[in-house]
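Peer 1: Chains as they are written, first to last, in my numbering: chain U, 2 to 337; chain D, 2 to 337; chain Y, 2 to 337; chain L, 2 to 337.
A portion of the hints provided could be inaccurate.
Here are the simulated DSSO-like cross-link-like pairs (lysine-lysine), alpha carbons at most 27 Å apart as the crow flies [unchecked claim]: (1) U/Lys43 / L/Lys188; (2) L/Lys267 / L/Lys165; (3) L/Lys112 / L/Lys188; (4) Y/Lys170 / D/Lys188; (5) D/Lys253 / U/Lys209; (6) D/Lys43 / Y/Lys254; (7) L/Lys254 / Y/Lys170; (8) L/Lys43 / D/Lys267; (9) L/Lys188 / U/Lys188; (10) U/Lys126 / U/Lys209; (11) D/Lys92 / U/Lys170; (12) Y/Lys253 / U/Lys43; (13) D/Lys170 / U/Lys253; (14) L/Lys209 / Y/Lys253; (15) U/Lys209 / D/Lys170; (16) L/Lys209 / Y/Lys254; (17) Y/Lys209 / L/Lys254; (18) Y/Lys209 / L/Lys112; (19) U/Lys254 / D/Lys209; (20) D/Lys254 / U/Lys209; (21) U/Lys188 / L/Lys43; (22) U/Lys170 / D/Lys188; (23) D/Lys254 / U/Lys253; (24) U/Lys254 / U/Lys267; (25) Y/Lys170 / L/Lys209.
Calculated directly from the structure, the hints in this document are not laboratory data.
4 protein chains.
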Amino acid sequence: MKKTKAAIVGASGYSGQELIRLLVRHPHVEITQFTSRQYAGKAVAEVFPRFRGQVDATFTEPDASRIDADAVFLALPHGVAAEFAPPLLQKGIKVLDLSADFRLKSASVYKEFYEHEHPAPHLLKQSVYGLPEIHREQIRSAKLVACPGCYPTSIILGIAPALKTGLVKSDGIIATSLSGVSGAGRKVADEFLFTECNESARAYSVPKHRHLGEIEQEVSSLAGTNVIITFTPHLIPLNRGIVSTIYLSLAKKAEDALAMYRDFYKGETFVRVTPSLPDTKNVEATNFCDISVRVDPRTNRLIVVSAIDNLTKGAAGQAVQCLNLVCGYDEATGLL
Amino acid sequence: MKKTKAAIVGASGYSGQELIRLLVRHPHVEITQFTSRQYAGKAVAEVFPRFRGQVDATFTEPDASRIDADAVFLALPHGVAAEFAPPLLQKGIKVLDLSADFRLKSASVYKEFYEHEHPAPHLLKQSVYGLPEIHREQIRSAKLVACPGCYPTSIILGIAPALKTGLVKSDGIIATSLSGVSGAGRKVADEFLFTECNESARAYSVPKHRHLGEIEQEVSSLAGTNVIITFTPHLIPLNRGIVSTIYLSLAKKAEDALAMYRDFYKGETFVRVTPSLPDTKNVEATNFCDISVRVDPRTNRLIVVSAIDNLTKGAAGQAVQCLNLVCGYDEATGLL
Amino acid sequence: MKKTKAAIVGASGYSGQELIRLLVRHPHVEITQFTSRQYAGKAVAEVFPRFRGQVDATFTEPDASRIDADAVFLALPHGVAAEFAPPLLQKGIKVLDLSADFRLKSASVYKEFYEHEHPAPHLLKQSVYGLPEIHREQIRSAKLVACPGCYPTSIILGIAPALKTGLVKSDGIIATSLSGVSGAGRKVADEFLFTECNESARAYSVPKHRHLGEIEQEVSSLAGTNVIITFTPHLIPLNRGIVSTIYLSLAKKAEDALAMYRDFYKGETFVRVTPSLPDTKNVEATNFCDISVRVDPRTNRLIVVSAIDNLTKGAAGQAVQCLNLVCGYDEATGLL
Amino acid sequence: MKKTKAAIVGASGYSGQELIRLLVRHPHVEITQFTSRQYAGKAVAEVFPRFRGQVDATFTEPDASRIDADAVFLALPHGVAAEFAPPLLQKGIKVLDLSADFRLKSASVYKEFYEHEHPAPHLLKQSVYGLPEIHREQIRSAKLVACPGCYPTSIILGIAPALKTGLVKSDGIIATSLSGVSGAGRKVADEFLFTECNESARAYSVPKHRHLGEIEQEVSSLAGTNVIITFTPHLIPLNRGIVSTIYLSLAKKAEDALAMYRDFYKGETFVRVTPSLPDTKNVEATNFCDISVRVDPRTNRLIVVSAIDNLTKGAAGQAVQCLNLVCGYDEATGLL
């Protein structure tokens, strides 16, 4: 079978490295380009010795006009992807964007959360939100897939069954997330130094983290009504992993919420509904999203806890899952 | 000045060790006994080399009849303290209990949360909840101080100003807490092994952690009405520290919530109301509770974030603060 | 192709879990039994939720008479493997032992280091030391493979090129190793609690760690003379990984030690000789051993630094590599 | 008693912060200035919220001409201190330098290790190496104290007793050190990001770390002969702490090496000779240096293991200990 030629644009960040790790094992993909502004000209395995013996390639300058690929993964900072995608799409290349640039359907919501005009609003309608468990069919035929971030993935997958089945109300939703430090990307800033993060736990971006926009968009779509959510991210001393704890108000008696969640995700390879509460270590370096639920009869709430690896199901793994859909491969190829 | 003779019963757990660390520096306290069932007969500095050169004493068997002290710190497991306290109180010794045994006023609430009858219900009325910022005057004259645990301290101090001033409603309160592993005590169980906790984040005891009883008791008292709370603790890979993020519904317009919090805690040495969001590393090995607040106008909520060191303000430091009140010393003695 | 039926005896320890992780992906292996005294009767995926969706099996009691397999991995504590192996070997089952029981050729050296008589000395001659880079051909035809431990693997592979080519002297060798906590196994003891290991670094078993015996045996064999080594292991707060720094006295001028090392390991899939100094994070969850060297002209020493993942190349990965040799598969099958 | 006025120049690095932590508790010191180029004009407690409620001061620009103090702590990068010290010394201000600038007696050794000419060679003779356990009397009368770094402190204190008493030979000394990440200072570089240091262990600066020069200078002085040492530092995922393991060749029979070490450090407050092997956690945030020894009869070596907190006994604590000597205070003032 002819392999899909894929380029990784922004291959030196953490999502980019995770893409490399996954794609070198993917039986139907050949990586044709690794771009990195910072490391152009250097061997991938020299910059990241973990790939020694596995990747024999050199980083090149990111340049859309020189991309020769069937599909391109954009692991670029916010704002840069929006400039990179249009020329690729024009050439008929499939784009899997890991940034936040094409996740919002509404240019005005984009402006509210990102505080500037969207640079390519005409593409917002065309892009598909790359959460396969929710938008599988649209992803199959998409040209531009906007892969969701780590917080949205863990929260949307946690809320979907309860909200879609009417088990819970759509108002008063609160989500608390705990994220490992790789979630911040490979950003060289003093707040992300080892000594500042180790033995540290802190909330940040309260009350309006940028990812809240896409969370509300997707949850509103599931609910069929406009939903406003309270969301508080926390930074904790893990390399990888996110736990989200979500508080929902029961709309009716929850007979067996766990069975209902199991039923909702029946047939899904990457969502595991578990009786025990999820732990980031159980999903580390995997594409699984573990979910469990508890009913609190004292407050009439449903408490949902989900865990993912922010770099895999929360970024690169999800993008590969989307690529598999776009290319017509088995969805789990290269991911188990 | 004659020193207060203090005994530490259960000196080999983490709270016990933190009591040793604090009391060896306390100018008005002399530690007369260090008990430990496990290490009786061994030198304290041999078992815990960190105290070498600072503590020249030997662990003894815990035996209430042999305690010779003005005040006794009970750093014992739940249930054991309730048996240890009565004979000490009868001898006129002041008791500072770090366990949960005497924190609840109601024997039936105790039974609800701990699932057995309280062994000494007659003492529940006598005991004072040892949170100085809320019960200072009662602590001064108490014979039995039930020092609150780490989760309750961080949550009650976080809620008190908003609830007491009527800024927020008393219903719908949700608290999420993140705790370092020392919060579990020095319990030798596989779930607390390094390899099981490092690179791990997980919720537990959902929806009804034992400490919820005392949180609701104190918050109800502040509100003047019965309050039911949703509380989710999480275990994260820190040695020490708790962050609690609390969601409250605004009852009125919050003009300047931070200033109101500052005003509420004016004069308090150990509560620091800060514009920046708290971080456990800023309170590590201190008796401070850092608190900040944010208003979310989109959901009309007040979000309170507090941080303490679970072994200091959440256990041993608080007990020493209470001792200072009981003995008439400056409240901060030995704690700055 | 007919799959090799493999049983994992002692599947609930860390090496056992790593064997599961690797073997479920191995294209030519079918795991027929997972034994665990502690968890017999429980589902593997229930005890270890990370295997949910991947392993649909139940732990059974370890019982040699009931093993139905072509090959058995023994991931048992020291001393237990020696009793388990003989009946399996008699049934013609290939045994891959991850314990230290069959690594030493000499029963008297065994007694010196383990302080009791060897329980099955007749098997010591038959067993092959399972380090493929050194004993590949013997492993291919072995019935009993004694897979080396994590410290020996990192040290022997680090020393071999220099010693075998006569670049360094065989006396005065010193090895310092730093190990992650999983190296201690899943042993529930207070010294391995998170709170005791995090923010802790310490040497232990100085001067005579049990693994020194096998290190000296193999290094002596490489040198062709009896070699005595100084070895100091340290415990550091990592989950996985070992770094060994080895000091060797140059016997002659080192023209290009790195090139010589590269040449020695030419064609080896799992040894990567790198110009930059190894880092445990680059070999995490891989079967690679990274090695680099530096010449110190001021002291006329060669300093070798090697890094492996103690659970992969230092335990389960190495055992799978040996299985591949024993079964005639490509040596890297299931390991890249 | 009139307090000593002290300025901290470079107060925003990790050594600077540790100086603040220690000096705010020092009964005889008043901090008159906190300089920081980066944060000049900002409140100390705003930049470092851990000092909230304890420090009510503002960072100022470092400017030697505006320093008004009896003593100045220089916590500056290498090379900058050498320019800052001369004008202060001319004004008669005592200088406690935490950098490496004045530690070497020889300008040519300085050039060998730092690869440029020393900017103020005339001061090298005047400066005193600030290791009180070795140079106590000279420090008392010093005007310029060059406080040793963290690696040298742990290694020199570990070697001194054995070498000075002739128990070991002066040749063939090897020292391996493991350091927490704060040892690198608050340097914003990608190699020190949390995600690059957590789950990472690596050797670096092999074979010629800059601190080797001062180690050899001091060890040579103890031995009375020129000593060349092999030294390998490693970076491990701790915030604070160094363990050094030192290999020495016995010159004679070691009857009771531990007793001999105890005797050597008799009366020293901050050196604890312990039967158990040192652990960084036992010295965390203290000025202690824990040392233990083992004899290896198989190789005729003495193995010394020492542990310090790199920011306290390895930097700020040692500097305060020196200040106490310079000012005639009890040496342990403010440090227990």
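Peer 1: Now tell me if each hint is right for this structure.
Peer 2: Hint check:
no., hint, in the structure
1, U/Lys43 / L/Lys188, "holds (25 Å)"
2, L/Lys267 / L/Lys165, "holds (15 Å)"
3, L/Lys112 / L/Lys188, "holds (24 Å)"
4, Y/Lys170 / D/Lys188, "violated (49 Å)"
5, D/Lys253 / U/Lys209, "holds (21 Å)"
6, D/Lys43 / Y/Lys254, "violated (55 Å)"
7, L/Lys254 / Y/Lys170, "holds (25 Å)"
8, L/Lys43 / D/Lys267, "holds (23 Å)"
9, L/Lys188 / U/Lys188, "holds (14 Å)"
10, U/Lys126 / U/Lys209, "holds (24 Å)"
11, D/Lys92 / U/Lys170, "violated (57 Å)"
12, Y/Lys253 / U/Lys43, "violated (35 Å)"
13, D/Lys170 / U/Lys253, "holds (24 Å)"
14, L/Lys209 / Y/Lys253, "holds (21 Å)"
15, U/Lys209 / D/Lys170, "holds (22 Å)"
16, L/Lys209 / Y/Lys254, "holds (19 Å)"
17, Y/Lys209 / L/Lys254, "holds (19 Å)"
18, Y/Lys209 / L/Lys112, "violated (41 Å)"
19, U/Lys254 / D/Lys209, "holds (19 Å)"
20, D/Lys254 / U/Lys209, "holds (19 Å)"
21, U/Lys188 / L/Lys43, "holds (25 Å)"
22, U/Lys170 / D/Lys188, "violated (40 Å)"
23, D/Lys254 / U/Lys253, "violated (32 Å)"
24, U/Lys254 / U/Lys267, "holds (22 Å)"
25, Y/Lys170 / L/Lys209, "holds (22 Å)"
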